[in-house]
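Student: In order, the protein sequence lines correspond to chains A and B.
Counting from 1, one number per residue, gives the positions in the first sequence under this note's numbering.
Counting from 1, one number per residue, gives the positions in the second sequence under this note's numbering.
Please note: incorrect hints may appear among the correct ones.
A pair holds if it fits inside one copy or across any two, identical chains being indistinguishable in the list.
[What the hints assert, rightly or not] Simulated pairs of lysine to any residue, SDA-like, Cα-Cα distance not exceeding 20 Å: (1) K87 <-> A114; (2) K87 <-> R12; (3) K87 <-> E67; (4) K87 <-> V8; (5) K87 <-> D9; (6) K87 <-> A37; (7) K87 <-> L76; (8) K87 <-> E53.
The set of hints was computed from the structure by calculation and includes no laboratory data.
Protein chains: 2
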Amino acid sequence: MEPHEHPVDAERVARARSRGLSAEDAGRLVSLLSLLADPVRARILYALDEVEELCVGDLALALGATEDSVGYALRLLRTAGLVTTRKSGRVVFYRLGPGFPAPLREHCLRQLVAMTRAEPDDD
Amino acid sequence: MEPHEHPVDAERVARARSRGLSAEDAGRLVSLLSLLADPVRARILYALDEVEELCVGDLALALGATEDSVGYALRLLRTAGLVTTRKSGRVVFYRLGPGFPAPLREHCLRQLVAMTRAEPDDD
DNA sequence: TTGACATCCGTGCGGTTACACGGTCATTAT
DNA sequence: ATAATGACCGTGTAACCGCACGGATGTCAA
Chain A
1 MEPHEHPVDA
11 ERVARARSRG
21 LSAEDAGRLV
31 SLLSLLADPV
41 RARILYALDE
51 VEELCVGDLA
61 LALGATEDSV
71 GYALRLLRTA
81 GLVTTRKSGR
91 VVFYRLGPGF
101 PAPLREHCLR
111 QLVAMTRAEP
121 DDD
Chain B
1 MEPHEHPVDA
11 ERVARARSRG
21 LSAEDAGRLV
31 SLLSLLADPV
41 RARILYALDE
51 VEELCVGDLA
61 LALGATEDSV
71 GYALRLLRTA
81 GLVTTRKSGR
91 VVFYRLGPGF
101 PAPLREHCLR
111 QLVAMTRAEP
121 DDD
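Sequences and hints are given; from them, build the entire structure.
Tutor: Here it is as structure tokens:
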């Protein structure tokens, strides 16, 4: 099942090859988007974008999810450096990390959400 | 394992609840982002954004992937309505669909890619 | 018509991922 | 000190997903 050896449009193929996404860049992009591509994580990030700071229990309360669920989600987000923690007593507060990608916040979270709300164009 | 009944910051919880993402909106957002969160699909969409139109074989050639792989990827993208097809003889050309979300194209594809390239801030 | 080709489709398998459970640490109150 | 609480961690399991394989469809060439 080798790719055929007769490019139909060699010029476009060359352009796609040179200006396209490398496998490495795609990998980084995907590992980032994968973190957003989960209901709990997306809602957590969106909530933190709205109210700045929340602790685990309150987050679970606000989302109507189990603490286990948000705990697991926060584990991944924290590992990826997308959120930071502030510990006060036995309560741990979360907020969006300083290294949180601005375009991701501005466009992917806000704009995409707005769009998704407007267009009921889904399965 | 019920959420505790003592919100630490009741005001923020209320705000996160009212202005936050509903489960349904999150579901739609996630089903969209999930389509981007794959190396092959992301590279296909990016390539189509660059060169307008490509057939399956040329796409596989440009990405250095098997035709099976891009065939499967296109199957999902087509089902979701993100790409459209134009058939010429036995060759099928793909391009970004008319319903392709503009913010997704502008920001998620282009800006995020640029950012991901610049910042080696990943696992 | 016969054969070769580009693509699509259904299916099974392997790897990944989300989630629930039990145990542990640190902190606060009695 | 003991008990209770908020959160973390490691592990097992079940579901999901990408992908390869085989076969089917439609098209061009001889």
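Student: Each of the hints needs a verdict: does it hold here or not?
Tutor: Taking the hints in turn, this is what the structure says about them:
1. In the homo-oligomer, the alpha carbons of K87 and A114 never lie at most 20 Å apart, since the shortest distance is 33 Å inside one protomer and 34 Å across protomers.
2. With identical chains, the CA atoms of K87 and R12 are at most 20 Å apart between copies only, with a shortest distance of 17 Å across copies and 54 Å within one.
3. Proximity of K87 to E67 under the C-alpha cut-off of 20 Å is restricted to the intra-copy arrangement: shortest distance 17 Å within a copy versus 51 Å between copies.
4. In this homomeric assembly, K87 and V8 come within 20 Å of each other (Cα to Cα) only across copies, at 13 Å, whereas the closest approach inside a single copy is 60 Å.
5. Taking the shortest Cα distances, K87 and D9 sit within 20 Å of each other only across copies (15 Å), while inside one copy they are farther apart (58 Å).
6. Proximity of K87 to A37 under the C-alpha cut-off of 20 Å is found in neither arrangement, the shortest distances being 28 Å within a copy and 33 Å between copies.
7. Only within a single protomer do K87 and L76 lie at most 20 Å apart by alpha-carbon distance; the minimum there is 18 Å, versus 44 Å between protomers.
8. Within a single copy, K87 and E53 get their C-alpha atoms as close as 12 Å, which meets the 20 Å cut-off; across copies the closest is 52 Å, which misses it.
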